[in-house]
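*Asks:* Listed below are the residues making up each chain.
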Amino acid sequence: MKRPLVTALSILVLALSLPLGALASEFKLVVPLPLTGKVAKFGEIMKKSFEMAAEEINASGGIKGSTLVLGFEDSAGKPETARAIVEKLIEGGQPVIVGEYTSACAKAVAAVAEERKTPYLVVASADDAITQQTYRYVFRQNQVNAHYADAFVSFMGEVVKPKTIAILYETTAFGTSGADAMEKDALKLGIKVVLKEKYEAGAPDFKPILSKVKSLQPDVVYMVSYVMDASLLMKQIMELRLEAKLFAGGAAGFAIPEFVGNAKEAAEYVISATLWTPKLSYPGAQAYAEKYKTKYGDYPSYHGASAYASLFVLKEAMTGAKDWSTEGIRDGMKAVDMQTAFGPVKFEDKEGYQNQNFVGTLAIQVQKGEFETIWPKDQASAPFVFPVPTWRERR
Amino acid sequence: MTYRKPLLILALLAVLPLIRAVPGVNANYWLHNFILVVMWTIIGMSWNLLSGYCGQVSFGHAAFFGIGAYTSGLLYVKFGLSAWWGMLASIPVVGAAALLIGFVCLRLRGPFFALATIAVGVILRIVAENLTGFTGGDMGIMIRERTWVEKTWYYYIILALAAGTFWFVDRIIASKLGYYFVAIREDQDAAESLGIDTTRYKTIALVLSAVLCGFAGAFYTNYMGYIDPKVVFALHDISVMAIMVVMVGGVATRWGPVLGAVIMILMAEIIRTIPKVGTAHHTLFGVLLIVVIIFLPNGVVGDAAKLRRLLRPGRSA
Amino acid sequence: MSAAKIEVLLQTLISGLLLGGLYALIGLGMTIIMGVMKIINLAHGELMMVGMYVAYLLFAWAHIDPYLSILVAVPLLFFLGVALQKYLVNPVLKVDAILPENQVILTVGIGMVLANLATIIFKSDYRTTPVDYATKAWYLTDLWKDSPIELSLSFPWTVSFLFAVGITAALWFFLSRTDMGKSIRATAQDKDAAMLMGVNVERMRVFTFGLGSALVGAAGCLFLPIYYLYPDVGGQFTLTGFVITILGGLGSTVGAIIGGLILGVFESLTATYVGMGWAPVGRFVVFMLVLVFVPGGVASLLRRRRFGK
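Chains C, D and B are the protein sequences, given in the same order. Each residue of the first sequence is one higher than the one before, starting from 1227 at the first, in our numbering. Each residue of the second sequence is one higher than the one before, starting from 141 at the first, in our numbering. Each residue of the third sequence is one higher than the one before, starting from 129 at the first, in our numbering.
Calculated from the structure, these hints are not laboratory results. No residue lacks a Cβ here, since even glycine has one placed at the ideal position from N, Cα and C. Warning: the hint list may mix true and false statements.
What the hints assert, rightly or not - Partner residues aside, some chain D positions facing chain B, computed with beta carbon under 8 Å:
| # | residue |
| --- | --- |
| 1 | V262 |
| 2 | I383 |
| 3 | M384 |
As the list claims (entries may be wrong) - In the DSBU-like style, the derived pairs of lysine-lysine whose C-alpha atoms are separated by at most 35 Å in a straight line are:
| # | chain 1 | residue 1 | chain 2 | residue 2 |
| --- | --- | --- | --- | --- |
| 4 | D | K446 | C | K1343 |
| 5 | D | K291 | D | K370 |
| 6 | C | K1387 | C | K1410 |
| 7 | C | K1521 | C | K1603 |
| 8 | C | K1387 | C | K1521 |
| 9 | C | K1521 | C | K1274 |
| 10 | C | K1387 | C | K1572 |
| 11 | C | K1471 | B | K273 |
| 12 | B | K166 | D | K370 |
| 13 | C | K1274 | D | K416 |
| 14 | C | K1418 | B | K264 |
| 15 | D | K291 | C | K1438 |
| 16 | C | K1438 | B | K166 |
| 17 | D | K416 | C | K1422 |
| 18 | B | K264 | B | K251 |
| 19 | C | K1387 | B | K251 |
| 20 | B | K251 | D | K416 |
| 21 | C | K1274 | C | K1603 |
| 22 | C | K1414 | D | K145 |
| 23 | C | K1505 | C | K1290 |
| 24 | B | K133 | C | K1414 |
| 25 | C | K1505 | C | K1519 |
| 26 | D | K370 | C | K1410 |
| 27 | C | K1519 | B | K310 |
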């Protein structure tokens, strides 16, 4: 009976003695990301973008002369693991945390960061609650979920002018808050919500719920889906010949290249809210998108752009900071007001959010198999197509 | 049964927070992992009581973990109480839920019971996702401010709970109840023919096990400060993990869940952070599991004799 | 009922039946493995994922239709299953453990390794096979111009449905009409008796695991044109497999397809008339009800009818 104890203790001792340390004139930044599990795809996009940004920063002299050395740890999308990583990083002396992807993990990380008074830059987690906690050290670069669809809503109000809308969303924090926000926006515009229903993410068959939508004949069908559900929904809508004035998506699944790749002709004319597109006129946006494409074969999604831009934001904050302590970087972060490939970045306290970057959102439309920015007009890369032809006319 | 060794180990564990004083050690990081290990020890012991000793293999301990976690979280959100009251409140809530679940599931035997408990866990998850008005649905429950920044108190609380659970399970197993449980596991029909009211004792085992697991859930809410249905009612990360903790450690043994938790949580974390392995850490860990179960089908403690023989081939008979 | 309501109901029923066919495909492999070995195979979905990647690779490299790649995936998965059973599952089953469920760790471990290997080899990208017929469908109004309602029948879904029926029939024939099949069924019913009757139980088990894996591999190929693929796709289908297995009755092929159809229709009706968020609850409530009240599943009901008089 003694042996297991001895083994356990020796494992402990071994684990505790793992070496940790950093070299001078190098700034080591370890980023927690989901690199395995269900959302690993987004973790990968972000990882590649972080790496590209670090390369560029180092090529132009690093941060105040220090080379930025990146590392990554896999949180597998588990809050406990994400917390473990961040506890380790903070204690190891890393004065700032950047990364994580799912809202559940970001919340776990945010709580630790606040407790430990270490600035945390949220890059792609959308849940509104993260920056509504009066946290002093938590910053968010991407728009909050409640505003994801702003550009689309304005497009809807000015161009589509629908009377009714049906909202379908997946059972995740992202889907729920996206759908709630759209319901509020629709009420403001005087649009009647004829159906608001959720579905289990990853379901293979949406035809029952879609037949119900069909019988209600809404003007707009708005869907909030994370990944491939988006393309399945559109394929099955086409198959059922469900007609509506407009099919629209709330970012995420509708704004990634895989959407067009899988839904093909069913994706045509679908409009989606998004935070970023490869054709934007922000400084460096197109260069980043093209470089990413030549390197990895596909355009990045807005998650990648946000990750890419975040390191430049960090550089700006650290350059402006009086020292590289947690407090110094926090103040540096608060003072950031800059243009990035992801758009203008400035962390504000308003509408009940703290340290939140309110970046303008966009509406995109699939035209001939390509995403074109259609709204707001000054950012448009192509004129919008509306009204859209019916399924029968398209054949 | 003597308590010299458990007390010794408890004393050893109680001084663990002193690693804070060791220079160059990430005390908070390691304490976080120790807290998780100890929490899993409780879940493991809870599972061991019902499934290891009484033989009713549950695939749905996430149900009890989740109910415990949500009891805590809802007290905080709905009644403005400290989430710590959830520890106490979870006893009647989880107990009642277990009675209900037992009433349905305990009619079933063997793999059928196991499958029914899978369903219970999944049903509860989806219900929690759908009752948005009550549970907050997928948005989860977030506790604005955790009680302590320091981990030491969390560690002692969960350690005390674990020690209590250890003692409690030990007493139960040494009592008449324990004999009934094992009798039911070995041969339910024989037990029944001896006049043991098997349904009654299986229900007792289930309720006790559930309440213990509920504690762990309530603690989780307090410790992590955030719960959502997909996290606390997880089939793979909670229910199956509970099984693996005990099976790797040793089914129906005193120290199995403890050792199992160390292996499954600490080892997993260590393997995850081996440099250069990257995302392949799952493969390494999966292979480790396969190797353990092939060579030690009764777990590390259960096959301790065999393990000793394997490690010292020279002395083997 | 208005025409619109009838249309919703009929369309729901159609999609329910087609979905049921798919469910049956996933459940067939599991019901055989569970029926013969009484083990809970938590790597079932991961085996399906392997089948899907086989089909994907063949499509990406040689543009082979996913339906044709069944011919490759089935033997490949068969040998994978045989190897898993022979070198991993059997050694564990043979040893006397306190709880026979210790194989759970094994199958979880296998599942972890398979999914992780897929992540390493294929990255976690979402993959699809963009076949021409993906959104092809037949419409009622195309056949009957003045129809007051519009119904559609998807081409790829119908193909998988037909395959499900065909595979079930072939399997039923194999299990009830061939010596090998009879030996497998004997092993499932009572392995000691089967051994006494001269059945090589060990071999039957190895063969069954191979067969079960091959079936779920085929399911993966049929599933690919209508779904998508990523390394962690399998998990959710393992659960579906359990439900079908219990609904149909352990080891019953005919039960699996009837169970699948019942479940598909039930879920679709829940989705339409209660709410799609609740559909999975419906699935597991049915599952529990069957477990408690009809422990033998559909198969036991069928048997009762046949011999009841």
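*Asks:* A separate judgement is required for each hint: does it hold in the structure or not?
*Replies:* How the hints compare with the structure:
1. At a threshold of 8 Å, the smallest CB-CB gap from V262 (chain D) to chain B is about 5 Å, leaving the interface hint in force.
2. Evaluation of the I383 (chain D) hint against chain B yields a held restraint, the C-beta minimum of about 6 Å falling below 8 Å.
3. Annotation: M384 (chain D) was flagged as interfacial toward chain B, and the flag holds, the nearest CB pair being 5 Å apart, inside 8 Å.
4. For a cut-off of 35 Å, the pair hint linking K446 (chain D) to K1343 (chain C) is broken: about 50 Å separates their Cα positions.
5. Restraint check for K291 (chain D) and K370 (chain D): satisfied, since their Cα atoms lie roughly 25 Å apart, inside the 35 Å limit.
6. Note on K1387 (chain C) and K1410 (chain C): the hinted pairing holds, with a Cα-Cα distance of about 16 Å set against a maximum of 35 Å.
7. For the hint linking K1521 (chain C) to K1603 (chain C), the alpha-carbon distance of about 31 Å falls within 35 Å, and the restraint holds.
8. Using a Cα cut-off of 35 Å, the hinted pair K1387 (chain C) and K1521 (chain C) is violated, with the two alpha carbons roughly 42 Å apart.
9. At roughly 10 Å between alpha-carbon atoms, K1521 (chain C) and K1274 (chain C) fall within 35 Å of each other, so this suggested pair holds.
10. Distance hint between K1387 (chain C) and K1572 (chain C) is fulfilled; the C-alpha atoms sit about 33 Å from each other, no more than 35 Å.
11. At roughly 24 Å between alpha-carbon atoms, K1471 (chain C) and K273 (chain B) fall within 35 Å of each other, so this suggested pair holds.
12. A threshold of 35 Å between alpha carbons decides the hint, and for K166 (chain B) with K370 (chain D) the separation of about 29 Å falls inside it, so the pair holds.
13. Straight-line distance between C-alpha atoms of K1274 (chain C) and K416 (chain D) comes to about 17 Å, which keeps the hinted pair within the 35 Å bound.
14. For the given pair, K1418 (chain C) sits about 33 Å from K264 (chain B) by alpha-carbon distance, which is consistent with the 35 Å threshold.
15. Of the pairs offered as hints, the one joining K291 (chain D) and K1438 (chain C) is violated, with about 52 Å between alpha carbons and a cut-off of 35 Å exceeded.
16. Between K1438 (chain C) and K166 (chain B) the CA atoms are separated by roughly 41 Å; this puts the pair beyond 35 Å, and the hint is violated.
17. Distance check on the hinted pair: K416 (chain D) and K1422 (chain C) sit about 47 Å apart at the alpha-carbon level, beyond 35 Å; violated.
18. In summary, the hint linking K264 (chain B) to K251 (chain B) is supported, as the alpha carbons are separated by about 30 Å, within the 35 Å threshold.
19. With a C-alpha separation of about 43 Å, the suggested pair K1387 (chain C) and K251 (chain B) falls outside the 35 Å cut-off, and the hint is violated.
20. About 17 Å separates the Cα atoms of K251 (chain B) and K416 (chain D), which keeps this hinted pair within 35 Å; it holds.
21. For the given pair, K1274 (chain C) sits about 31 Å from K1603 (chain C) by alpha-carbon distance, which is consistent with the 35 Å threshold.
22. For a cut-off of 35 Å, the pair hint linking K1414 (chain C) to K145 (chain D) is broken: about 68 Å separates their Cα positions.
23. Only pairs whose Cα atoms come within 35 Å are accepted, and K1505 (chain C) paired with K1290 (chain C) is accepted, the gap being roughly 31 Å.
24. A C-alpha spacing of about 31 Å is found between K133 (chain B) and K1414 (chain C), which places the hinted pair at or below 35 Å, so the restraint holds.
25. Proposed proximity of K1505 (chain C) and K1519 (chain C) is supported: the alpha carbons are some 13 Å apart, at most 35 Å.
26. Proposed proximity of K370 (chain D) and K1410 (chain C) is supported: the alpha carbons are some 26 Å apart, at most 35 Å.
27. With a C-alpha separation of about 57 Å, the suggested pair K1519 (chain C) and K310 (chain B) falls outside the 35 Å cut-off, and the hint is violated.
In summary, the numbered hints that this structure violates are 4, 8, 15, 16, 17, 19, 22, 27.
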